[in-house]
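A.B. asks: Assemble the whole structure, with the sequences as input and the hints as a guide.
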Amino acid sequence: MKLKNLISTPCGLRYMVERLDIQSGVARRMLLEREMMTSALVIESYYEELNTYIQAAQIPQNALAIRNIQFRLQNLKDIRTTLQNLADGKTLDEIELFEIKHLAILTNETGQQMDIVGIGLIDFGMNEVIAILDPEKQCISSFYLYDAYSETLCHLRKELEKNPTNEEIYCQLQEEELRVRQQLTSQLREYKSNLSLALQQLAEIDIYLSQAKQYIDMSLCLPTLSRETRLTEMWNPEVAESVSHRGITYQANSISLSDCPTVLTGSNMGGKTVVLKTVALCQLLMQFGCGVPAKHATMRPFDAIYCQMADGQSTEAGLSSFGAEMKSLNEIIAAARSNKNILALIDEPARTTNPVEGTALVSALLDTLQPTGITLLLVTHYIIMGAHACAYLRVKGLEEGKMNYALVPTRKGDVPHEALRIAEQLGTDDEWLQKAKTYLTT
Amino acid sequence: MLIEELLHTKSCSVVGLEKNTGKTVTLNYLLQHLPPTHRVAVTSIGLDGELKDQVTGTAKPEITLFKGMLFATSEKHYRQRRLQSEILEVSDESTALGRLVTARVLSEGKVLLSGLGSTQGLKRWMNKIESETDLILIDGALSRMSLASPTISESLILATGAAYSANIETLVRKTRHIVALTRLPLYEGAMPADNIIEAQGAVTDRTLNLILNDPEAQGKALLIQDFTRVFADEMLWHQFTKTHPVYVRHKSQLIGVTVNPKAPNGMVLDSKTLCKKIEEAIEIPTIDLMNNE
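Listed in order, the protein sequences are those of chains A and B. Heads up, the first sequence is in the working numbering, so the first residue is 325 and it goes up one at a time. Heads up, the second sequence is in the working numbering, so the first residue is 8 and it goes up one at a time.
The set of hints was computed from the structure by calculation and includes no laboratory data. Ideal placement from N, C-alpha and C gives every residue a C-beta, glycine not left out. A portion of the hints provided could be inaccurate.
Stated by the list, open to error - Simulated crosslink set (DSSO-like; lysine-lysine; CA at most 27 Å straight-line):
#  : chain 1 : residue 1 : chain 2 : residue 2
1  : B       : Lys-227   : B       : Lys-249
2  : B       : Lys-284   : A       : Lys-401
3  : B       : Lys-74    : A       : Lys-461
4  : B       : Lys-17    : B       : Lys-117
5  : B       : Lys-227   : B       : Lys-258
6  : B       : Lys-130   : B       : Lys-258
7  : B       : Lys-117   : A       : Lys-486
8  : A       : Lys-326   : A       : Lys-537
9  : A       : Lys-401   : B       : Lys-83
10 : B       : Lys-135   : B       : Lys-83
11 : B       : Lys-117   : A       : Lys-482
12 : B       : Lys-83    : A       : Lys-482
13 : A       : Lys-326   : A       : Lys-761
14 : B       : Lys-74    : B       : Lys-17
15 : A       : Lys-516   : B       : Lys-83
16 : B       : Lys-83    : A       : Lys-414
17 : B       : Lys-83    : B       : Lys-26
18 : B       : Lys-74    : A       : Lys-482
19 : B       : Lys-117   : B       : Lys-269
20 : A       : Lys-461   : B       : Lys-135
21 : B       : Lys-117   : B       : Lys-83
22 : B       : Lys-284   : B       : Lys-181
23 : B       : Lys-269   : B       : Lys-284
24 : A       : Lys-651   : A       : Lys-664
25 : B       : Lys-130   : A       : Lys-401
26 : A       : Lys-664   : A       : Lys-328
27 : B       : Lys-284   : B       : Lys-249
28 : A       : Lys-619   : A       : Lys-651
29 : A       : Lys-720   : A       : Lys-664
30 : A       : Lys-461   : A       : Lys-401
31 : A       : Lys-414   : A       : Lys-537
32 : A       : Lys-736   : A       : Lys-720
33 : A       : Lys-414   : A       : Lys-326
34 : B       : Lys-181   : B       : Lys-258
35 : A       : Lys-486   : B       : Lys-74
36 : B       : Lys-135   : B       : Lys-258
As the list claims (entries may be wrong) - Restraint ranges, calculated between C-beta atoms of paired labels, are given here:
#  : chain 1 : residue 1 : chain 2 : residue 2 : range
37 : A       : Glu-485   : B       : Gly-208   : 45 to 55 Å
38 : A       : Gln-382   : B       : His-15    : 49 to 59 Å
39 : B       : Gln-87    : A       : Glu-357   : 29 to 39 Å
40 : A       : Val-366   : B       : Gly-208   : 46 to 56 Å
C.D. replies: Below you can see the structure in the form of structure tokens.
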């Protein structure tokens, strides 16, 4: 799966990606085109590289050079079409030749600044490219078909200046210009792969720098890759920002996931869905090589991440919310049967149906998914039936009228009955709640 | 006189009141008469005329540029240019005809101008080259087709002529109307907001009638974005402004009017009388492009 296909996962991933301070459009496009990494080795080596950027960015003396690099990268252009034309054997025009010269010079300039920061770049032979496109050794990135390329060119131009309306000279000049461009193109063709690699290298620097900056600015962490998942004091930056507007402080919490399913219960408004979203967010960020919003994180990569949110797009394809939910749960079951290395995050399944059948459906879902060995985090209000090797977690809930969002281990069947109390705190109609209480006592 | 005015402005849009009123002739005239030491950059506001020309197949007139001038045009028109130039920048921002190429003229010649279609894009371009130029000339548009407004520039030159109207009296009256619009006062934000009706887009007869017929809007001022947004009938506009003050958010200083006495259908007006009448009516330097040499 590519980032562009996953960015809309309702967990705050888009929020994080949009806050990456990427300078060039081409780097942004390349980032969105990236495949999710699924190998621990690949992720580790990516983090190793990112870490060199983070360390470089943390040194105050490097600040100016980094600003210079980012400033230059603003001028990085997406010239992949031009490079494709070069590879396809087409004769490049002046605009395309300019673009190549510009890229070569930008690569060298960026390389010099990167040396100051202490990160070496791979040399893709851009000096040779510049030599071809800068015959008068002016060392500036402007370009035209210089007189130095051909004596005929120089001569015809002088002639045309004397007789500006002479169509014959004009045509001869056009032909000579074409010949020069053909010659330049064939000289450049040798560097076609190197130019693509140089473009990619600059885009990657742009992405690494933005990730390093986000890591520092948001106090993120780089997870340790392991067999288990343990997120300590994780938070969801998007939710944290939206609650801070309302003057509420976000309470970070910690969670561990193992091979057996984890069932999370807790009172309404206890932040269960936020826990689920944050786990999804951390997992996706890690598998795209970004810093993770947690104090410490030990994580493992999965081949696929399924995120079934209660506030998902239930109206898509004209299905009812129940219909849409059953369809996507079905997909998770099918995926779990063929591959146990997946992470499934399921928010309140069967919540829209009656509690009797709902309870049966959720309990049976655990029956079905547990043997597959996938990593599962499931949020529910229902009391699970049957015997499962599950880990049970509960949001602490109301303490002296205040919500404590911490997660604590609990036993099966411990589902808090705080809905009425919370409704009361929300100022819900008194008569209604009193009548509800009467039903509970009878 | 007009050239003198131009030396004191950082940017100027040339706006034609109708096709063939001599906007290109005006630009060529200005480019030719500016002192060679004055660093000039030229571009165009996006689509004006472009599409129409492509439909009718008539060639869009080229402008002549001189050594050292900067210009920006679309990729397509850059490739078709008849002059020597070095490319300084190829922008990610696109025009209707491909990316925008900024270049410096190496030897005199002709080029077709096309440019960015949005005010913000144009503003960014202007900011980028500001330090390298004394004057930015913009081939402006006065049309609903254009998203970018010529009032982005400090000053403004109007090109009017026989193509706009074949009758001298009508031409003078219509030109005076547009000139009056360019002179609408700039909104300084001194008025309480509930005394103002702001129009974000075009101001048409319908807009004016709505305000005139609304008892709650009596005496309230109308705030428009700039003079190019007014498409209302001249008479109605006059009636409207008698009871409602009008302000603009963006304004350029009108520094001159050029007159093209020739219409495309071959008719030629008496340019002396024409210029005199226009000059009297609007009290601003007026140049007859055909008889100025």
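A.B. asks: Are B:Lys-74 and A:Lys-461 close enough, with their CA atoms no more than 27 Å apart?
C.D. replies: 22 Å, holds
A.B. asks: Please work out if B:Lys-284 and B:Lys-181 have their alpha carbons no farther apart than 27 Å.
C.D. replies: Holds, at roughly 12 Å.
A.B. asks: Tell me if the straight-line CA distance from A:Lys-414 to A:Lys-326 falls inside 27 Å.
C.D. replies: Roughly 31 Å separates the two Cα atoms, so the pair is violated.
A.B. asks: Check the hint pairing A:Lys-736 with A:Lys-720 against an upper bound of 27 Å on the C-alpha distance.
C.D. replies: 15 Å, holds
A.B. asks: For the pair we were handed, A:Lys-720 and A:Lys-664, check the Cα-Cα distance against 27 Å.
C.D. replies: Roughly 31 Å between the alpha carbons, so the hint for A:Lys-720 and A:Lys-664 is violated.
A.B. asks: What's the verdict on A:Lys-516 and B:Lys-83, does the C-alpha distance respect the 27 Å limit or exceed it?
C.D. replies: 25 Å, holds
A.B. asks: Is A:Lys-414 close enough to A:Lys-537, meaning Cα to Cα at most 27 Å?
C.D. replies: Distance ~40 Å between A:Lys-414 and A:Lys-537 Cα, so the pair is violated.
A.B. asks: For the pair supplied as a hint, B:Lys-227 and B:Lys-249, confirm whether the alpha-carbon distance does not exceed 27 Å.
C.D. replies: Measuring from Cα to Cα gives roughly 12 Å; hence the hint holds.
A.B. asks: For the pair we were handed, A:Lys-486 and B:Lys-74, check the Cα-Cα distance against 27 Å.
C.D. replies: 15 Å, holds
A.B. asks: Does B:Lys-83 pair with B:Lys-26 here, judged by a C-alpha cut-off of 27 Å?
C.D. replies: The given pair, whose Cα atoms are some 22 Å apart, holds under the 27 Å limit.
A.B. asks: Do the alpha carbons of B:Lys-135 and B:Lys-83 lie within 27 Å of each other, as the hint requires?
C.D. replies: 22 Å, holds
A.B. asks: So if I understand the rule, the pair passes when the alpha-carbon distance is 27 Å or less; does A:Lys-664 with A:Lys-328 pass?
C.D. replies: Satisfied, since the Cα-Cα distance of roughly 25 Å is no more than 27 Å.
In summary, the structure is inconsistent with hints 2, 13, 28, 29, 31 and 33 from the numbered list given earlier, while agreeing with the others.
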